[in-house]
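A.B. asks: Go by the hints and put chain B onto chain A.
Line order of the protein sequences matches chains A and B.
Using numbering that gives the first Met the number 0, read the first sequence as starting at 0 and increasing by one per residue.
Using numbering that gives the first Met the number 0, read the second sequence as starting at 0 and increasing by one per residue.
These are calculated hints, taken from the structure and not from any lab test.
Heads up, some of the hints might be wrong.
List time: in silico DSSO-like cross-link candidates among lysine-lysine, alpha-carbon distance up to 27 Å [said to hold, decoys possible]:
1. Lys102(A) x Lys151(B)
2. Lys123(A) x Lys147(B)
3. Lys48(B) x Lys120(A)
4. Lys151(B) x Lys123(A)
5. Lys120(A) x Lys24(B)
6. Lys27(A) x Lys130(B)
7. Lys147(B) x Lys94(A)
8. Lys130(B) x Lys94(A)
9. Lys147(B) x Lys102(A)
10. Lys123(A) x Lys94(A)
11. Lys120(A) x Lys151(B)
12. Lys123(A) x Lys107(A)
13. Lys130(B) x Lys102(A)
14. Lys27(A) x Lys146(B)
15. Lys147(B) x Lys6(B)
16. Lys143(B) x Lys123(A)
17. Lys6(B) x Lys123(A)
18. Lys123(A) x Lys130(B)
19. Lys48(B) x Lys147(B)
20. Lys24(B) x Lys151(B)
21. Lys48(B) x Lys151(B)
22. Lys99(A) x Lys146(B)
23. Lys107(A) x Lys24(B)
24. Lys123(A) x Lys48(B)
25. Lys130(B) x Lys120(A)
26. Lys146(B) x Lys102(A)
27. Lys94(A) x Lys107(A)
Computed footprint of chain B on chain A, listed as stretches where at least three residues anywhere in the stretch have a Cβ under 8 Å from a Cβ of chain B [claimed, not checked]:
28. 4-13
29. 16-28
30. 35-47
31. 68-80
Computed from a prediction, not measured in an experiment: that's the story for all the values here.
C-beta: ideal position from N, C-alpha, C; glycine also.
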Amino acid sequence: MESAPFRVLGEQLGMSEGEVIQRIGTLKRNGYIRRIGGIFDSGRLGYYSTLCALSIPEERISEVAAIINGYNGVTHNYIRNHSLNMWFTLAAPSKETARKTLKEIEEKAQTGQILSFPSEKTYKIRTNFDMKE
Amino acid sequence: MLSILDKRIIRRLQEELPLEERPFKTMAEELGTTEDELLQRIRGLQEEKIMRRFGAVLHHRKAGFSHNAMVVWSVSAERIEEAGAYMASFPQVSHCYRRTASSLWEYTLYTMIHGRTREDCESVISDISRKTGITAYEILYSIKELKKESMKYFTGQED
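Just chain A, with the same shape it has in the complex:
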């Protein structure tokens, strides 16, 4: 948290402030960097977080995904190799709001029951990748 963060970064990397800014711009345009910003702790902000799973036939995946992905609280949605094939995360201001959202999804998307696995404890949450690997 510096007034001139790119200059400080440049000093650490042995390059000028302008070059740091330019290179970051390139990495973003080429899709390596999604954004530069803050990542916040859901729990400390008072949010209820759960991981949800359901079984969707292949031919309905796009349609159901479009409905689920439309919710602001759904941040990740993946197809996985299991009979429970669609897995998405849901963050909501409360357990009750989450429950209502899931019920709404079940109705709108005509899915069967959506299983919900709320997080009880986080042992690790990390997004620092070792680029040297």
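C.D. replies: Then chain B, alone, in the frame of chain A:
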């Protein structure tokens, strides 16, 4: 308690950091405060661990970490704390959570394992299983990413 300004700061920090020499000065102007006040409040959010990290969010597939395995483990209540902490110590494990099980799904410990290949992931998984003695687990590979975004808090569109 978060003030209204704190929530507006959080909302703004979830967007892009301006690629300028004084990005915080620019954002402070947008938010109607001073650069010093903004930096001070952000440091406060960091100290309270409300902001976990500030930096570049990578497109992990492009960065070469293409294999993402979710491994779900069936672990007894007595062992789970120790198992969770142990699995978290592996560098290939990026996330580790304890979650509530259900009658239809017995698993309580969830790990996200990243590797360049499936073989890399599986070798770490076997290693963890061998060392913990936990043999009841399933590996769920991601075969399609349908959505991956950062959560946007305080947007006013709470679902």
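A.B. asks: Now, for every hint given, state plainly whether the structure supports it.
C.D. replies: Evaluated hints:
Our distance criterion of 27 Å between C-alpha atoms is met by Lys102(A) and Lys151(B), whose separation comes to about 22 Å. About 19 Å separates the Cα atoms of Lys123(A) and Lys147(B), which keeps this hinted pair within 27 Å; it holds. The suggested pairing of Lys48(B) with Lys120(A) holds, with an alpha-carbon distance near 16 Å, which does not exceed 27 Å. For the suggested pair Lys151(B) and Lys123(A), the alpha carbons sit about 21 Å apart, so the restraint of at most 27 Å is met.
The straight-line distance between the Cα atoms of Lys120(A) and Lys24(B) is roughly 37 Å, outside the 27 Å bound, and the hint therefore fails. Between Lys27(A) and Lys130(B) the CA atoms are separated by roughly 40 Å; this puts the pair beyond 27 Å, and the hint is violated. Proximity of Lys147(B) to Lys94(A) is assessed by CA-CA distance (about 22 Å); at most 27 Å being required, the pair is judged to hold. Between the alpha carbons of Lys130(B) and Lys94(A) the distance comes to roughly 36 Å, so the proposed pair goes past 27 Å and is violated.
Simply put, Lys147(B) and Lys102(A) have alpha-carbon atoms about 22 Å apart, close enough for the 27 Å limit, and the pair holds. Restraint check: the Cα-Cα separation between Lys123(A) and Lys94(A) comes to about 22 Å, which is no more than 27 Å; the hinted pair holds. Among the hinted pairs, Lys120(A) with Lys151(B) is consistent with the structure: their alpha-carbon atoms are about 22 Å apart, no more than 27 Å. Note on Lys123(A) and Lys107(A): the hinted pairing is violated, with a Cα-Cα distance of about 34 Å set against a maximum of 27 Å.
Restraint check: the Cα-Cα separation between Lys130(B) and Lys102(A) comes to about 41 Å, which exceeds 27 Å; the hinted pair is violated. Restraint check for Lys27(A) and Lys146(B): the C-alpha separation of about 19 Å stays at or below 27 Å, so the hint holds. Of the pairs offered as hints, the one joining Lys147(B) and Lys6(B) holds, with about 23 Å between alpha carbons and a cut-off of 27 Å not exceeded. Proposed proximity of Lys143(B) and Lys123(A) is supported: the alpha carbons are some 24 Å apart, at most 27 Å.
About 25 Å separates the Cα atoms of Lys6(B) and Lys123(A), which keeps this hinted pair within 27 Å; it holds. Restraint check: the Cα-Cα separation between Lys123(A) and Lys130(B) comes to about 19 Å, which is no more than 27 Å; the hinted pair holds. Proposed proximity of Lys48(B) and Lys147(B) is supported: the alpha carbons are some 23 Å apart, at most 27 Å. Pair hint Lys24(B) plus Lys151(B) holds up; C-alpha atoms about 22 Å apart against a cutoff of 27 Å.
For the suggested pair Lys48(B) and Lys151(B), the alpha carbons sit about 17 Å apart, so the restraint of at most 27 Å is met. Proposed proximity of Lys99(A) and Lys146(B) is supported: the alpha carbons are some 21 Å apart, at most 27 Å. Between Lys107(A) and Lys24(B) the alpha-carbon distance is near 45 Å, which puts this suggested pair outside the 27 Å criterion. For the hint linking Lys123(A) to Lys48(B), the alpha-carbon distance of about 14 Å falls within 27 Å, and the restraint holds.
With a C-alpha separation of about 22 Å, the suggested pair Lys130(B) and Lys120(A) falls inside the 27 Å cut-off, and the hint holds. Among the hinted pairs, Lys146(B) with Lys102(A) is consistent with the structure: their alpha-carbon atoms are about 20 Å apart, no more than 27 Å. This hinted pair checks out: Lys94(A) and Lys107(A) have alpha carbons roughly 20 Å apart, not beyond 27 Å. Under a criterion of three residues with beta carbons nearer than 8 Å to beta carbons of chain B, the stated coverage of the region 4-13 of chain A is upheld, 3 such residues being counted.
Under a criterion of three residues with beta carbons nearer than 8 Å to beta carbons of chain B, the stated coverage of the region 16-28 of chain A is upheld, 5 such residues being counted. Check result for the region 35-47 of chain A against chain B: holds, 10 residues qualifying (beta carbon to beta carbon below 8 Å, three or more required). Coverage of a stretch by a chain is defined here by at least three residues with a beta carbon nearer than 8 Å to that chain's beta carbons; for the region 68-80 of chain A and chain B the count is 12, and the condition holds.
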